[in-house]
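**Student:** All chains should be built: construct the whole structure from the sequences, respecting the hints.
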Amino acid sequence: MASTRSIFSEGPIDEIDKILSKGTTSVHVTALDGLVNVNSLFTVAVFVGLSLATPGQRSLEDSGACNAGEDIVKNLLIFEVTSFSAFLFSSLIAQGLKLAIIINNSNELHEAMKGHINNKLLRLGMLASAIGSIMGCVFLMLSMVNVIQIRLGVLSCGGSSTVRATLVLVALVSTALAIYISTVIYAFTH
0 MASTRSIFSE GPIDEIDKIL SKGTTSVHVT ALDGLVNVNS LFTVAVFVGL
50 SLATPGQRSL EDSGACNAGE DIVKNLLIFE VTSFSAFLFS SLIAQGLKLA
100 IIINNSNELH EAMKGHINNK LLRLGMLASA IGSIMGCVFL MLSMVNVIQI
150 RLGVLSCGGS STVRATLVLV ALVSTALAIY ISTVIYAFTH
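Position one of the sequence shown corresponds to residue 0 (numbering that gives the first Met the number 0), numbered consecutively onward.
I should point out that these hints are in silico values taken from the structure, not numbers from a laboratory. Do not rely on the hints blindly, as some may be mistaken.
Unchecked claim - Between beta-carbon pairs, the in silico distance windows are:
#1 R163 <-> G95: 38 to 46 Å
#2 G95 <-> S160: 40 to 48 Å
#3 C156 <-> L87: 28 to 36 Å
#4 L98 <-> G68: 43 to 51 Å
#5 A186 <-> G95: 12 to 20 Å
#6 L98 <-> V169: 31 to 39 Å
#7 G95 <-> T174: 27 to 35 Å
Built from N, CA and C at the ideal position, the CB exists for glycine as well.
**Tutor:** This is the structure we're talking about:
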């Protein structure tokens, strides 16, 4: 515990910094909780995608040439595993930061959400966790494109359902990621 305290504790700080640190620690713990919860939901989506990766599955298109090949099924599995790894990475960092904050800063149970933190280390950990979540979302989106190709036909066939579903998925996820990345950058720089 002494080594954790030396890593996360800052030197002497004045009374205003103590008040700000105590007030923001509960915000950080709550943000880390939210990140872990969202990553858990995305991890469920990964396993749903894995359940759709059955070899030899035919698409809903009439043409047999539009059926997804083994390469698309393999890519689906690779993207799903990579996505799962990124979400797990992000969640473990967030959970570790949360535990360090709580253990380091509380002597009693009712003080668990207050205390001193090394803001630089906390911000770097939160940034690493956010990057893991972003990478997980990107690979989850790529895997869902492969699920669309397996179910509706490959994109190269140009089926309207396949193209529309892919465009909507990519547009919505890209927009959400752009907003998330903007807020992460804002939070990291302020």
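**Student:** Now tell me if each hint is right for this structure.
**Tutor:** Hints, one by one, checked against the model:
Checked against the hint of 38 to 46 Å, the C-beta distance between R163 and G95 comes to roughly 41 Å, which is consistent with it. Taken as a hint, the range 40 to 48 Å holds for the pair G95 and S160, whose Cβ atoms sit roughly 43 Å apart. Taken as a hint, the range 28 to 36 Å holds for the pair C156 and L87, whose Cβ atoms sit roughly 35 Å apart. Between L98 and G68 the CB atoms are about 45 Å apart, so this pair conforms to the stated range of 43 to 51 Å.
Remark: the range hint 12 to 20 Å for A186 to G95 is upheld by a beta-carbon distance near 19 Å. For the pair L98 and V169, the beta carbons lie near 36 Å from each other, so the given range of 31 to 39 Å is met. Between G95 and T174 the beta carbons are some 30 Å apart, a value that agrees with the proposed interval 27 to 35 Å.
Checked against the numbered hints listed earlier, the structure breaks none of them; every hint is satisfied.
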